[in-house]
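Trainee: Listed here are the chains, written in short residue letters.
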Amino acid sequence: MRKTVSAAIPFVVVTLLVEGLVRAGWIQAFLVPPPSAVFQTILRDWPELSEAFAKTSAGAILGFLLSSLAGVAIAVFLSSSRRVQDAFYPYAVFFQTVPIIAIAPLLVIWFGYGLRTVVASAFIASIFPVIANTLDGILSTDPALRDLFRLYRASPAATLWKLRFPAALPQILTGLRIAGGLAVIGAIVGEFLGGQGLGSVIDIARTQQRTDKVFAAVLLASVLGLALFGLINIVSRLVLRSWHVSEQS
Amino acid sequence: MNLDRRSFLKTIPAAGLLAGCGKASKIRLALNWKPDPEFGGFYAADFSKHGLDVEILPGGAGTPTVQMIGAGSAEFGIVAADDALVARAQKNDIVALFAVFQTNPMGIMAHASRKLKSIEDVLKGGTLAMQSGLPYARILRKKFAFDRVKVVPSTGGDLTSFLKDENFAQQCFVMDEPLHAKRQGVEVTVFPVSDMGYNPYTTMLAVNGETLRKNPDLAKNMVDAVREGWRTYLDNPASANARMHALNPTVELESFAESAVAQRSLIEANPLGKMTRERWETLAAQLKELGDIPQVPPVEQAFRDL
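Heads up: the sequence lines are chains A and B, in that order. Counting along the first sequence from 1, when you hit position 73 you're at 1098 in the numbering used here, and nothing is skipped either side. Counting along the second sequence from 1, when you hit position 59 you're at 68 in the numbering used here, and nothing is skipped either side.
It is worth saying that the hints were derived from the structure and are not from the lab. Idealized CB from N, CA, C, for every residue including glycine. Take these hints with a grain of salt, some might be off.
Said to hold, decoys possible - Label-pair restraints from in silico Cβ distances:
{"no.": "1", "chain 1": "B", "residue 1": "80", "chain 2": "A", "residue 2": "1251", "range": "26 to 32 angstroms"}
{"no.": "2", "chain 1": "A", "residue 1": "1255", "chain 2": "B", "residue 2": "262", "range": "51 to 57 angstroms"}
{"no.": "3", "chain 1": "B", "residue 1": "124", "chain 2": "A", "residue 2": "1248", "range": "46 to 52 angstroms"}
{"no.": "4", "chain 1": "A", "residue 1": "1109", "chain 2": "B", "residue 2": "172", "range": "37 to 43 angstroms"}
{"no.": "5", "chain 1": "B", "residue 1": "80", "chain 2": "A", "residue 2": "1102", "range": "50 to 56 angstroms"}
{"no.": "6", "chain 1": "A", "residue 1": "1260", "chain 2": "B", "residue 2": "165", "range": "36 to 42 angstroms"}
{"no.": "7", "chain 1": "A", "residue 1": "1118", "chain 2": "B", "residue 2": "196", "range": "43 to 49 angstroms"}
My request is simple: use the sequences and hints to build the entire structure.
Mentor: Shown next, in the form of C-alpha cells:
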C-alpha cells in the first residue's frame, strides 16, 4: 500500500502540472492534450479501448511467454560450450537489432493479419534480453560451487538443473523484466500493420488528429507494461525469497 | 572579450541579422512525405526570384505538419483540407494558401481480373487495406455494409500482399501504386475516392494565421513562387524530378516521370492552386456529419486566395 502511494505521487503531480500548463495556455492543446481530456476519452471510449486492450494484452503476453521459454532454452544451449557460443551468439544479437517496424510488413505476409503477426512481433522484440541475461547468469556460477559439484561427480545435466540454472534465476528474472516492456512495444508495432488492438487505435486516432485518444491508448499500453512488470516481480519474490539478497529485507 | 557559452549563443542571431542585411531570411516549408512528384512544383519553384530563401524540409510517414505550422517549427507546410479544418476546430490557426491537388488523389485499387464495377463491389468480398481513420473510409462505412470484406491496415504503398492475392484491394494514390502494379504485370481497376463524393483539396500550401497577418507580403511572394513552380513542373518536370531523385534515390527516376504525367489532370486549374468557398463548405459539412468538427465553421477564414 505504502509503495502504491509513493508511486502515485509523481503521476498525480505531473498530471496536475500538465493540466495547469495547458489550461493556462503555456502549452497548446493540439500539441499536448490536457490530461482531463485523456481521462474523459478513456471513459467515453471504454468499450472500444477495453477490447483493444484485451487484444494487445493477448498478443504481448503470448509473445512474452514464447520469448521467455525460447530465450531460456537458447541460452542453455549456448552455455553448453564456448564453441557453440561463438558460433550462434552473434545471431541472437540479430533479434536485438532488427528494426521491427521495417520487417512488420513481412510478418504480415508470413503470418497473415491478426494475432499471429502480433505475437511474432512481440516475440522478436523481447527475446534478446532473455537470452543475454540467462546466458550471463548461467556462465557466472560461483566457481567454488562448481568445484563442489565436480568433486561429487555430478553429471552435466545435474550441474545445470541443480546449480547453474537456479544460480542464474536473478539474472533470468531481470531479463524477463526488460522483455515484458519490450513485448508490449513489439505487440503494438505488430498491430500497426497486422491490425486490431491498441496499435490500431493509435494508428487510426493519429490520422484523425485525436491526440487525446493516442495518449489514452498509450496510457493503457503502459498499464499493460506495468502489469507484466508486477507479475514478474511476484514470481521473483516467490522463487528468490528464501535465498537471494535482492528479495530479502 | 570573454564569451561564455550563453552570451556567445546570443550573438549568433545578431551576427546572422548583420550577414542577412538586405537578404531574405530563411523560410521553412515542411513536407509530409519524401521528395516525389506530388511536391514537384515546390522543387521547381525559383524562390530567390521572389526574394525568398526557402528550405524545404522533407517528411516521412506521419510528419505532423499541421502541428509544426501551429507550433512555429516551420513557417509553411503541406496540409490536406480535412486536416486543416480539424486543426482549426482545435484552435490551431492554419490557413490554406494554395491547393496543389484540385482532385483528391486517393483511391482504392483492385485487380482488374475481378471485373469490379464500383466501390460497392470491392466491399463484397476479399481483403481491403485502408486507413480506417480517414474520413473517406468512415463515410464508406456509414454508406455501405462492411460485413463481407476483411478490412486491414493500409500497407503504406507496399504491394507485396496485393500482388500475391487476387482478392486483395488497397488504398492508393491514383498516380502511384496503380502504375507500380502495372509495371509488375498486374492490371488494376482504380476507384477514385473523389468519385465517392469526398473530394477535399490536398497537398495544400498552408501557413500559420499569425504569420499571415503579420507578414502578408511573405505569403503572397510564397504563393507566387509556388504557382510559377507548379506551372514549370507541369510543363517540364524533368529537372525538378532529377533534383528530387537525388534526394530520394529509392524511387526510380522513370517512375517519377510517369507519376508526374499521371497526376497532371488532378492538378491543372485556372489559376493553379485556386480554392472555392463551395468546396470548403461541402467539406466542412461532411466533417461535421462525421463528428470530426463540432460545427461548420466560417470557412472563409480557413483559406486565402492570393
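Trainee: Now tell me, hint by hint, if it's right for this structure.
Mentor: Hint-by-hint comparison with the structure:
1. Against the hinted window of 26 to 32 angstroms, the Cβ-Cβ separation of residue 80 (chain B) and residue 1251 (chain A) comes to about 31 angstroms, which satisfies the hint.
2. For the hinted restraint 51 to 57 angstroms between residue 1255 (chain A) and residue 262 (chain B), the CB-CB distance of approximately 55 angstroms keeps it satisfied.
3. Here the CB-CB span from residue 124 (chain B) to residue 1248 (chain A) is close to 49 angstroms, well matched to the stated 46 to 52 angstroms.
4. Separated by about 41 angstroms at the C-beta atoms, residue 1109 (chain A) and residue 172 (chain B) satisfy the suggested range of 37 to 43 angstroms.
5. Roughly 52 angstroms separates the CB atoms of residue 80 (chain B) and residue 1102 (chain A), a value that falls within the hinted 50 to 56 angstroms.
6. Roughly 39 angstroms separates the CB atoms of residue 1260 (chain A) and residue 165 (chain B), a value that falls within the hinted 36 to 42 angstroms.
7. A C-beta distance of roughly 44 angstroms is found between residue 1118 (chain A) and residue 196 (chain B), which places it inside the suggested range of 43 to 49 angstroms.
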